[in-house]
Amino acid sequence: MREASAVSEPARRPPLPFPAKPPPGPFRRDFWRSPLRGPWLASFLSSALLPLIVICAITGFISHAAYDPDLGQNAIVGPGGIGFDLYGFNWPTNPAWLYAFTQGLHVVAGVAAIPILLAKLWAVIPQFFEWPPVRSVAHMVDRLGLALLVGGSVFVFLTGVQNIGLWYPWPFNFVPAHYYAAFVFLGALALHVATKLPTVRRSFRERGVIAPLREDLQHTRPEPPSTEPPGEHSSAPTSPAAPTISRRGLLATVGAGSAAVGIIAAGQAIGGPFRSLAVLAPHGPGQGTGPNDFQINKTAASVGIGPADVGPSWQLTVRGASEMALSREDLLRLAQSTQSLPIACVEGWSTTQDWTGVPLAELARLVGAEGSDSLFVESLQQSGAFNQTTLNAGQIADPRSLLALKVNGADLSLDHGFPARLIVPALPGVHNTKWVDTMTFRTA
Amino acid sequence: MRRFRYEYGAGPLHLLVAIAGLAVAGYGLYRALELVPPVSFLAWFVGGIVGHDFILLPIYSGIGLAAWAIARLGLVDAPRVAALNHVRVPAAISGLIFVVWFPLILGLGGATFEGATGRTTDGYLERWLAITAGLFAVSAVLYAVRVWRARRSRAGAGRRAPSPPSSSSA
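Protein chains in written order, with numbering that gives the first Met the number 0: chain A, 0 to 443; chain B, 0 to 169.
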């Protein structure tokens with residue numbers, strides 16, 4: 000008969016000298032009374048959780064790439080050192096809703112995962128207190144990985160929830176913290192998945208994948224601890240209480256929670272008629288109906304810009320082969336283009352409006368900078384990481400990329416970037432710089 | 000190989016996967032501590048585990064235990080358990096919504112929120128309470144329907160026992 004999988008535990012050296020009898024309380028298996036816990040429940044919850052985590056991880060790295068971190072000062076996950084950035088390609092401009100889609104998916108999958116993650120942690124909590132705490136070197140390695148997994152996952156999801164709720168109670172920069180904590184989480188997750196795969200396979204083989212979902216309350220039985228491999232303790236109870244809810248009842252409740260929070264997040268990501276669903280999100284319903292009455296990110300007042308800064312004396316400085324200074328009237332006299340484009344924020348919401356302004360390609364032509372490799376745009380905004388942006392060659396050349404002067408037929412409001420702002424298809428929202436002051440076209 | 004398994008407690012593949020996974024995790028920790036004030040990062044990292052294990056988990060385990068305690072008082076029969084679940088399930092769904100959207104429900108963003116969006120956090124608490132009330136209302140309706148159906152089938156069974164089936168038992 001084939002030897003058990005390489006990651007299971009056959010004959011091994013005797014355990015370290017912990018007392019055989021566990022201390023009282025959660026370290027004793029009979030402390031945990033729920034009859035629903037067991038390898039099948041943990042396996043089922045994990046199987047639902049893992050695809051959502053994979054979606055989050057992939058769209059998270061895509062979001063990082065979307066910021067074009069190799070250009071100018073676009074990198075925001077931290078300076079120097081051995082950073083992990085995805086270079087090698089310029090973020091595209093097609094389709095215009097690309098970032099809205101990937102980042103909406105990131106946030107919706109992320110919040111939908113939270114109820115399942117909490118249920119999973121509840122299902123396996125007896126094993127956090129297993130006794131003896133260390134059975135072998137391999138077991139200790141696993142438990143170290145678990146500490147990093149639980150800590151990393153809670154940190155990543157908690158900072159994510161706080162970011163989309165615009166609450167920043169920590170003194171650190173969200174972006175590097177969330178990004179690198181994700182590495183901690185994903186590294187530990189890879190180890191955990193590899194070591195638990197045999198358990199998942201065994202529990203699905205013994206009990207079926209969805210067969211336990213057909214049991215109603217009267218037929219709900221605890222998973223027997225007798226089927227555990229010797230020396231291993233599963234989360235199944237040794238002293239189960241009578242069930243008060245069936246497994247399918249528990250899972251349906253968790254699923255309903257996931258659906259509810261996911262729908263709220265999706266409402267502000269998809270927008271349009273769905274925005275009315277986003278009743279608990281920052282950018283849900285409740286905006287007015289005027290041309291400038293759509294979602295704002297970063298009011299003028301919050302960055303110290305007032306009407307005096309953008310008065311008639313404002314001029315846009317454009318640099319290329321030559322340099323020009325253009326007032327707002329000069330810009331309005333140039334050929335205008337109107338584009339319907341979304342702005343998609345990293346917090347997973349987006350809004351689509353009609354923007355009118357001068358194409359970036361036209362501005363490049365005026366200063367003899369056709370074929371530039373990048374465009375460095377600076378704002379009147381004095382401080383903050385996003386008072387500047389660097390665009391790539393494809394974004395400059397796309398005819399839909401505008402220096403917008405009006406939105407929905409009316410002048411931009413001050414909060415929306417009056418007198419001029421960038422709007423580029425598929426560009427992460429915060430790079431659509433508002434209150435533009437200077438534009439410098441560069442060749443490599 | 001057997002010696003390795005004996006000493007280590009698992010096969011060499013486990014060690015290889017562990018090294019790879021923990022290397023990635025270690026890289027993440029290293030970069031995070033380099034870029035983020037280490038004390039506050041670790042405080043939130045460890046605090047997350049502690050907060051979950053010793054605050055959040057006991058809360059919803061407590062709900063389960065309370066349910067079991069009530070059930071154990073010799074009242075474990077189907078209608079009693081059903082009533083319990085018609086309270087627990089909407090409470091759980093409402094709680095899960097709260098866990099994800101609590102910064103807005105509790106208005107924690109404050110000035111940052113207003114500076115970013117131009118709106119206040121008024122109204123979020125009211126909306127969550129309204130959703131919660133809605134969940135309980137739906138649950139109450141479903142419970143009433145179940146009780147009504149149970150009574151009807153009991154009444155139907157009672158009528159059928161002494162006499163032939165009646166065509167009016169619709």
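Treat the hints as calculated values from the structure; they're not laboratory data.
Backbone N, C-alpha and C define an ideal beta-carbon position, used for all residues, glycine too.
Do not take every clue at face value.
Unchecked claim - Which bits of chain A does chain B cover? Going by a derived footprint, with three or more residues having C-beta under 8 Å, they are:
| # | segment |
| --- | --- |
| 1 | 93-101 |
| 2 | 121-134 |
| 3 | 277-286 |
Unchecked claim - Restraint ranges, calculated between C-beta atoms of paired labels, are given here:
| # | chain 1 | residue 1 | chain 2 | residue 2 | range |
| --- | --- | --- | --- | --- | --- |
| 4 | B | VAL144 | A | ASP292 | 26 to 32 Å |
| 5 | A | MET139 | B | ASP121 | 48 to 54 Å |
| 6 | A | ARG220 | B | ARG145 | 22 to 28 Å |
| 7 | A | LYS20 | B | PHE3 | 27 to 33 Å |
| 8 | A | ALA307 | B | TYR29 | 44 to 50 Å |
| 9 | A | PRO91 | B | LEU12 | 36 to 42 Å |
| 10 | A | LYS20 | B | ALA154 | 53 to 59 Å |
| 11 | A | GLY207 | B | ARG118 | 22 to 28 Å |
| 12 | A | ALA324 | B | LEU124 | 17 to 23 Å |
| 13 | A | VAL53 | B | LEU141 | 32 to 38 Å |
| 14 | A | GLY383 | B | VAL144 | 52 to 58 Å |
| 15 | A | GLY207 | B | LEU12 | 26 to 32 Å |
| 16 | B | LEU141 | A | PHE173 | 29 to 35 Å |
We went through each hint and held it up to the structure:
1. 93-101: The restraint on the segment 93-101 of chain A is violated, since only 0 of its residues have a Cβ under 8 Å from chain B and three are required.
2. 121-134: holds (count 4)
3. 277-286: Held - the segment 277-286 of chain A has 6 residues with a Cβ nearer than 8 Å to chain B, which meets the minimum of three.
4. VAL144/B x ASP292/A: 26 to 32 Å: 43 Å, violated
5. MET139/A x ASP121/B: 48 to 54 Å: Once the Cβ atoms are compared, 51 Å apart, the range 48 to 54 Å for ASP121/B and MET139/A holds.
6. ARG220/A x ARG145/B: 22 to 28 Å: 23 Å, holds
7. LYS20/A x PHE3/B: 27 to 33 Å: 31 Å, holds
8. ALA307/A x TYR29/B: 44 to 50 Å: 47 Å, holds
9. PRO91/A x LEU12/B: 36 to 42 Å: Because 40 Å falls inside the window, the suggested range holds.
10. LYS20/A x ALA154/B: 53 to 59 Å: With Cβ atoms ~56 Å apart, the hint holds.
11. GLY207/A x ARG118/B: 22 to 28 Å: 50 Å, violated
12. ALA324/A x LEU124/B: 17 to 23 Å: 50 Å, violated
13. VAL53/A x LEU141/B: 32 to 38 Å: 35 Å, holds
14. GLY383/A x VAL144/B: 52 to 58 Å: 56 Å, holds
15. GLY207/A x LEU12/B: 26 to 32 Å: 28 Å, holds
16. LEU141/B x PHE173/A: 29 to 35 Å: This hint is violated: roughly 41 Å between Cβ atoms.
Figure legend: structure checked against the earlier numbered hints; hints not met, in rising order: 1, 4, 11, 12 and 16.
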